[in-house]
Every structure is written in C-alpha cells, then in structure tokens.
Amino acid sequence: MTDMFVSLGTWNWLIFGFVLMALEVLAPGIFLFWLGLAALLVGLVSFTVAMSWQIQLVMFAIFAVAAVPVWRRLARPKPDASASPFLNKRTEALLGREFTLEKPIIDGSGTVRIGDTVWRVSGPDTPAGTRVKVVQVDGANLTVAAAQ
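Going by my numbering, 39 is the number at position 38 of the sequence shown; the sequence numbering is gapless.
Worth flagging that the hints you see were computed from the coordinates, not collected in a lab.
The structure presented is a predicted model; accordingly, all values stated were derived computationally and were not measured.
Accuracy of the hints is not assured; some may be wrong.
As the list claims (entries may be wrong) - In silico lysine to aspartate or glutamate, EDC-like type, Cα no more than 16 Å apart, as pairs:
1) 134 with 99
2) 90 with 139
3) 134 with 93
4) 79 with 126
5) 104 with 126
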C-alpha cells in the first residue's frame with residue numbers, strides 16, 4: 002500500500018484532477034470540480050518542489066478543505082432585496098391591503114380569503130362581507146380594522 006502512495010507523482014495528481022473534473026461533467030454536483038482543482042494544484046506545486054507523498058496528501062487535504070468556503074463564496078449570488086422585497090415575508094406584503102371578510106369577526110376572531118388561502122383575522126366584531134384593511138401582522142394572524 003505504501004508503494005502506491007510513494008509512486009504518486011506529479012502526473013498522477015494531474016490525471017487524478019482531470020478524472021475528477023470529468024466525473025463532475027457526468028454527475029454535476031460542484032464538489033468533484035473543486036476536488037479536481039485541489040489535485041491539479043498539488044500536481045502543479047509538485048512540479049516545482051520535490052515533496053514526499055505524505056506532504057502531497059496533506060496539501061491535497063488542505064486545498065480540498067479550502068476549496069469549500071471559496072466555492073460557497075463564489076457560487077452564491079448576493080440576494081437583491083429590491084428585486085423581491087416580500088420574498089418569504091408573505092404576511093408583510095398584506096399590510097395596508099383591503100379584503101372582504103369571509104366569516105364575521107365574532108369575539109375578535111374571523112377569516113378572510115386571500116387568493117386561494119383562508120387567513121385568520123382578529124379585530125373588532127364585524128359582519129361577513131365587510132371590507133377590512135390589514136393593519137398589523139403577527140405570524141399567520143392578521144389584525145384588521147374597518148376599511149374607509
């Protein structure tokens with residue numbers, strides 16, 4: 002087994018790197034690309050500096066571990082909050098809008114249909130069919146007041 006590691010030379014690292022990158026093309030998942038890049042870097046460094054196989058393996062491990070944060074930083078685009086300000090904030094998008102009560106508000110609780118969803122509302126007692134305005138949101142509960 003040790004003989005196999007001793008024989009790891011520059012060309013073996015380069016071939017290993019290209020094989021990993023080719024596997025990335027066949028089974029995309031991004032990680033094989035970065036491992037292949039780490040292997041290519043070890044091969045390129047070992048072209049210039051004579052190293053033992055143990056140092057080459059440690060270098061490969063260091064390059065592979067360092068590639069993960071680099072990949073995460075490069076691969077994730079920065080979110081543009083102005084493009085969709087209410088993304089994952091569905092209830093905040095309802096503030097200030099007016100709707101018709103589906104069920105009356107009795108003892109401070111009723112419902113309103115918004116699109117295909119029935120929302121629980123709270124507010125002063127109001128009969129069904131009345132237009133109400135959303136004045137506050139708390140999780141999935143909407144607080145409403147009479148629309149003017």
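Starting from residue 90, check that the Cα of residue 139 is at most 16 Å away, please. The hint holds at about 11 Å.
Are residue 104 and residue 126 close enough, with their CA atoms no more than 16 Å apart? At roughly 11 Å apart (the allowed maximum being 16 Å), residue 126 and residue 104 satisfy the hint.
Given the proposed pairing of residue 134 with residue 99, does the C-alpha separation stay at or below 16 Å? Holds. Residue 134 to residue 99 sits at ~4 Å (cutoff 16 Å).
16 Å limit on alpha-carbon distance, applied to hinted pair residue 79 and residue 126: violated, 45 Å
Assess, step by step, whether the Cα of residue 134 is no farther than 16 Å from the Cα of residue 93, and give holds or violated. With a Cα-Cα distance of about 13 Å, the restraint between residue 134 and residue 93 holds, given a limit of 16 Å.
Hint 4 from the earlier list is the only one contradicted by this structure; the remaining hints agree with it.
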